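Asker: Build the full structure now, drawing on both the sequences and the hints.
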Amino acid sequence: MGNVEKIVAKKLLWAAPLAGAIAAVINTVLFFIGTSSGLIDSSILIPGANAPLTVVPVIASSIIPSIVAGLVLAGLNYFLSKPWRVFTIVAGVLLVLTFANPFMGIPGIPLGMGIWLNVMHVVVAGSVLYCFNRFTRTAN
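Per the numbering used here, the very first residue in the sequence shown carries number 45; after that it's consecutive.
Check each hint, because a few of them may be wrong.
Pairs of lysine-lysine residues, derived as DSS-like cross-links and limited to a Cα-Cα distance of at most 27 Å, are as follows [claimed, not checked]:
| no. | residue 1 | residue 2 |
| --- | --- | --- |
| 1 | Lys-55 | Lys-126 |
| 2 | Lys-126 | Lys-54 |
| 3 | Lys-126 | Lys-50 |
None of these hints come from the bench; they were simulated from the model. These figures come from a predicted structure and were not determined experimentally.
Answerer: Right, dumping it as structure tokens:
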């Protein structure tokens, strides 16, 4: 079966939360920079919450996707001989798709705020890819 490129799935138990924590810290800083600079507009209400964006959903939106990504990679590792390759492709596609989320999910969002939120999406994806690559891949 050619070149097998598995990961050490047990390491996801701490690599996924680590990726989430790193993303949460960076995105918290970005949130406060965005708020103080006016990029994050407190007059824009977030659907469902019917309130302005706060740091709590920013933190949750950094940690939860990182944990889900760990579960996805663990599943891919179980079923595939090259889980990392498939995971990076899926992660890249999902990242690009999330770029539409602020603009489609938040009515009246200013362009700058949408782009700033997308920067936060990149932070989560980058943190996940870095931590999973750095801590779970085996040397072949």
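Asker: Look at each hint and say if it fits the structure.
Answerer: Hint check results:
1. Note on Lys-55 and Lys-126: the hinted pairing holds, with a Cα-Cα distance of about 17 Å set against a maximum of 27 Å.
2. The straight-line distance between the Cα atoms of Lys-126 and Lys-54 is roughly 17 Å, inside the 27 Å bound, and the hint therefore holds.
3. Taken as a hint, the Lys-126 and Lys-50 pair is honoured in the structure, with Cα atoms around 6 Å apart against an allowance of 27 Å.
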